[in-house]
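There are 2 protein chains.
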Amino acid sequence: MKSLMMDDFPLTLSPLLVRAERLFPRVTVASRRPDRAVQYTDYGSIMIRARTLTAALLEEGIRRGDRVATLMWNHSSHLEAYFGVPAAGAVLHTINLRLPPDHLAYVINHARDRWILVDDVLLPTLEKVRDRIHVERVIVVPFSGQPVPTGSEDYEQLLGRHRPTDALPEIGEKEAAGLCYTSGTTGLPKGVVYSHRSIVLHTLATAFSLGLGQGDSFLVVVPMFHVNAWGFPFTMAMLGARQVLPGPHLDAESVLDLLEREKVTMAAGVPAVWFGVLEALEKEPSRWKLDPRLRMVVGGAAMPESMVRRFAKLGIGPIHGYGLTETSPIMTLGIPKESMKSWDLERRIAVLSRQGIPLPYVELRVQDWDGVVLPWDGQSVGELQVRGPWIARDYLENPESADKWTDDGWFRTGDVANIDPEGYVQIVDRIKDLVKSGGEWISSVAIENSLVGHPAVREAAVVARPDPKWGERPLAFVVPKEGTHVTAEELRDLLAGQYPKWWLPDEIRLVPSLPKTSTGKLSKRTLREMLASESKASTDTSVEAPIRTNVQ
Amino acid sequence: MKSLMMDDFPLTLSPLLVRAERLFPRVTVASRRPDRAVQYTDYGSIMIRARTLTAALLEEGIRRGDRVATLMWNHSSHLEAYFGVPAAGAVLHTINLRLPPDHLAYVINHARDRWILVDDVLLPTLEKVRDRIHVERVIVVPFSGQPVPTGSEDYEQLLGRHRPTDALPEIGEKEAAGLCYTSGTTGLPKGVVYSHRSIVLHTLATAFSLGLGQGDSFLVVVPMFHVNAWGFPFTMAMLGARQVLPGPHLDAESVLDLLEREKVTMAAGVPAVWFGVLEALEKEPSRWKLDPRLRMVVGGAAMPESMVRRFAKLGIGPIHGYGLTETSPIMTLGIPKESMKSWDLERRIAVLSRQGIPLPYVELRVQDWDGVVLPWDGQSVGELQVRGPWIARDYLENPESADKWTDDGWFRTGDVANIDPEGYVQIVDRIKDLVKSGGEWISSVAIENSLVGHPAVREAAVVARPDPKWGERPLAFVVPKEGTHVTAEELRDLLAGQYPKWWLPDEIRLVPSLPKTSTGKLSKRTLREMLASESKASTDTSVEAPIRTNVQ
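Sequence order for the protein chains is A and B. All the letters of the first sequence, read from the start, carry residue numbers 29 to 580 under our numbering. All the letters of the second sequence, read from the start, carry residue numbers 29 to 580 under our numbering.
Any given hint might turn out to be false.
Stated by the list, open to error - For lysine-lysine, the following BS3-like pairs were computed, each having C-alpha atoms within a straight-line distance of at most 25 Å: (1) B/K341 x A/K369; (2) A/K432 x B/K369; (3) B/K369 x A/K317; (4) A/K202 x A/K30; (5) A/K202 x B/K30; (6) A/K202 x B/K202.
Unchecked claim - Facing chain B, from chain A, some residues (calculated, C-beta under 8 Å): (7) M33; (8) R47; (9) R54; (10) Y68; (11) Y134; (12) A204; (13) S226; (14) P388; (15) P417; (16) P427; (17) A430; (18) D431.
Stated by the list, open to error - Which stretches of chain B does chain A cover? Using the computed rule of at least three CB atoms under 8 Å from a CB of chain A, they are: (19) 29 to 40; (20) 103 to 115; (21) 123 to 137; (22) 335 to 348; (23) 409 to 419; (24) 549 to 555.
Rather than coming from a laboratory, the hints here were simulated on the basis of the structure. Quick reminder that beta carbons are idealized off the backbone N, C-alpha and C, glycines included.
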């Protein structure tokens, strides 16, 4: 028996564009500009401009599947590109503006971007690689409010030359809509190509899994170049809900200011941002009046238990989101089940500190090193593998990465995890961050979480140091909080109460900051490289301020 | 550029079965049995039994695409079939148990049902057609708790012979999963074949559009044989939320009793049910303690403004759901926009009385009789047409219905509607229920809504009477509320204040009840046939109690 439904009706982004414009034209999108002014527009204006961008692309030679890149902060013109580029049948390549120049040039050339839309304030970033990249047009968005530099092409003039298209082209749901590169913590960045279908299904599933609705006001702290800002700009446009886009101002005070003035009910960002927000709130608890409904998705890196606890004290519920560039990104959300609402605080915090349960249609399994699938017992630890309609099945032109998929087609996350009987995933570590001492595994993440649980510790990183006797031994780097005092001995005693003796780091170094990657994540690779060179220089154990940070 | 996502990962119902069992095994499903006892089970047990049913079907000869029918009330075993039958690659045909015998035999034979699962209490219904239908096996579900009659096959014994399958078969998302027949208000019932994909997408979209979540307790008053109970059994299983299934007890007191004892937060049913509930609540406002979050989807027929108003007085928010068997069913939901929350009560009631805004991916247009697409101005009235991933593109083996689709592939709803600038649809009438008087259209629904706004009117129906001078003229049938008194003159005066003179019915007849179809909808066909025969009998204008009702 054949289905008699319109099963060929494609799941593309274009109906969401049309929907936001027709049903929610006066819903606000707020953007903070470089001069800190907050500018308001609405879905009506944004989507008319998106359709104008679609017309400009089609009428000025962009063809089906061509890449159009953005090098932009979070603001309303970036949202225009989110809808206008895929609606033209082109592929939106959102470039990480914090990439080092080599990587920046690499991804632009590897993606074969034809056009780049760039914020005027980010022109200096692009200038560094301008002579190394092969793009046809660089179109400057006057984000600062200043006239675009002479000799540059003006985004507003491009739009001015065209009328919004009334007939969006028909696109198949499996055509490419977006392209993001992994941050390349190991080796060169790898490209992940999203389909219209994968983005739409991710959008539908996150909307109800997070209980989002038209009444929400959503602060998108996570950059729009970071896996489509976890899909939230699409989700909120579909729901017809307010979006607040912070531009380049991601410091704690700026974030808190937006949370208050835009009556934000939901936000999304990496732990580093929320650490800053927490510290500011704890310092001046009554300075900001936050919406009582405020909750936030914390992702991009593990949120330590102490963070859950500190937010809970402030009456704010953080939600772990776990995902990767290859997974669109959301695989799991740390939402407590209804049955857990009656649990005592400690039990609830333990659950909220895990990475959460899978979204519908995300299938997870944990495999041990021999390929045996492990039970959901909260104990058995192995590699987390995943499949589903918004999971990548390959990288863009990168055949040497074929081993990232199992023979039966599951994506290897590279994360070490267990799943408890309730279905909550816990990421124990990245496979490559495990410390193998005397043939046994030590979880660097576990020790880090314990260290940041100390009131005087701001950040911590545990990495393996090559060891002639044990193979590897853990070493901890700790950044103390400003204005506090703590010693390595104190921290060692703290860990000794929680872990077997052979887990304790051989050394705990107090440092002023930790190295970060272009997406603001801790760069353990930098630390490991440093330790490797120390080991080579054998007797020399002192380091001259080798650790810098490039986090915002 | 090609998408590199797992775009072939199929959207079938099987992952929802597995998910409910693994993630929400202890969430309750309550079912009321024929003896009124409420029985509790949970998703864990139901889904294990569903997988056992899957095994039984596969191991006893049901093949891909074969039809397995249910003739069942709303209870947990029906939910097992909802998941267990499609998971086997078979097609779940949910039969309307109120069909007259001719139609019942017709749909079973037309669908070529191989097996029928039937509630023991519904065996007498099946017996009436047993010698006219060609099914291989009739399997009796001991819903009453009594042993199944000797000589009948026992559903529990069938399950008892099999082990739950651990390897659900791989199914394509465009394979058939479900089959429902239209109620056949005109002519024979027509079959609509749902795909896995269409059901899944409908499930995802309704979940967030109604703001449903794991914390909800959902009373499914709408029968599970009525367009998959509007998809809610699937939706709530996906969310891991409680379901309350009322069995055969659909009277107002039984419904109110369940609303109270199961702390229901969301319910779904036809207006007739909610009319009864309203009357009972108004009579004894403090008798039932309802959850303050309680809201309900009202569908299957238009909810008159007076009903919205009366519910609002009780602090309960009814939500219009509009759809048809051919549309899975939900096309629009009458959810107020965020911006409308500040509107005064009258304006909000006016919006809530419309049929609502379309779900994402439901595309609507209104065409006039010349095929011109009309603007969303709240005035222009024409035929409502729809397309989208959960809209039918054909009927099952029914070539004479090809005119239900436009040449460019939109489904003709047969409803006359306008869409206002906010995107809210208002159904003015069924095309066939419009009264054409002197070349101008009169809306029967508008007049009916005004009539039921009178405090003494329980139900009203306006139909066309053939008229030698005007072609057609409206005639109204009115059922007064018990214990009230109203005259035709009073009602005529009420209408005269609201409509032009030529709209006023030539006659207003007070009758004890109105004829209903097998799904409990008003049967205007019966009324029209009666009037036609009256017209033929020219001088004879009296009718001897021709109006019966078969509504529950």
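Here is what the structure says about each hint:
For the hint linking B/K341 to A/K369, the alpha-carbon distance of about 32 Å lies beyond 25 Å, and the restraint is violated. Straight-line distance between C-alpha atoms of A/K432 and B/K369 comes to about 50 Å, which puts the hinted pair past the 25 Å bound. With a CA separation close to 23 Å, the supplied pair B/K369 and A/K317 stays within the 25 Å bound. Between A/K202 and A/K30 the CA atoms are separated by roughly 22 Å; this keeps the pair inside 25 Å, and the hint holds.
At roughly 8 Å between alpha-carbon atoms, A/K202 and B/K30 fall within 25 Å of each other, so this suggested pair holds. Of the pairs offered as hints, the one joining A/K202 and B/K202 holds, with about 15 Å between alpha carbons and a cut-off of 25 Å not exceeded. Satisfaction of the interface hint for A/M33 is found here, the shortest Cβ-Cβ separation to chain B being roughly 4 Å, below the 8 Å cut-off. Of the supplied interface hints, the one on A/R47 holds, with its beta-carbon coming within about 6 Å of a beta-carbon of chain B, less than 8 Å.
Given hint, A/R54 at the interface with chain B, holds; its Cβ is 7 Å from that chain's nearest Cβ, closer than 8 Å. The interface hint given for A/Y68 is broken, as the beta carbon of that residue sits about 15 Å from the closest beta carbon of chain B, more than 8 Å. Annotation: interface hint on A/Y134 violated; nearest CB of chain B at approximately 18 Å, more than 8 Å. Look at A/A204: its Cβ gets to within about 4 Å of chain B, closer than 8 Å, so that hint holds up.
For A/S226, the interface hint holds, the least distance from its beta-carbon to any beta-carbon of chain B being 4 Å, beneath 8 Å. The closest approach between the C-beta of A/P388 and any C-beta of chain B is roughly 6 Å, which is under the 8 Å cut-off, so the hint is satisfied. At its closest, the beta carbon of A/P417 sits 4 Å from a beta carbon of chain B; the interface hint therefore holds under the 8 Å criterion. At a threshold of 8 Å, the smallest CB-CB gap from A/P427 to chain B is about 12 Å, leaving the interface hint violated.
With 8 Å as the threshold, the beta carbon of A/A430 stays out of range of chain B, its nearest partner Cβ sitting at about 12 Å, so the hint is violated. With 8 Å as the threshold, the beta carbon of A/D431 stays out of range of chain B, its nearest partner Cβ sitting at about 16 Å, so the hint is violated. Under the rule that three or more residues need a Cβ within less than 8 Å of chain A, the assignment of the stretch 29 to 40 of chain B holds, with 9 such residues. With 0 residues carrying a beta carbon less than 8 Å from a beta carbon of chain A, the stretch 103 to 115 of chain B misses the three-residue requirement, and the given coverage is violated.
Only residues whose beta carbon comes within less than 8 Å of a beta carbon in chain A count, and the stretch 123 to 137 of chain B has 0; fewer than three means the coverage is violated. Counting residues of the stretch 335 to 348 of chain B whose CB lies closer than 8 Å to any CB of chain A gives 0, which falls below the minimum of 3, so the coverage claim is violated. Coverage of a stretch by a chain is defined here by at least three residues with a beta carbon nearer than 8 Å to that chain's beta carbons; for the stretch 409 to 419 of chain B and chain A the count is 5, and the condition holds. For the stretch 549 to 555 of chain B, the proposed coverage by chain A is not satisfied: 0 residues have a C-beta within less than 8 Å of a C-beta in that chain, short of the threshold of three.
Hints 1, 2, 10, 11, 16, 17, 18, 20, 21, 22 and 24 from the earlier list are contradicted by this structure; the remaining hints agree with it.
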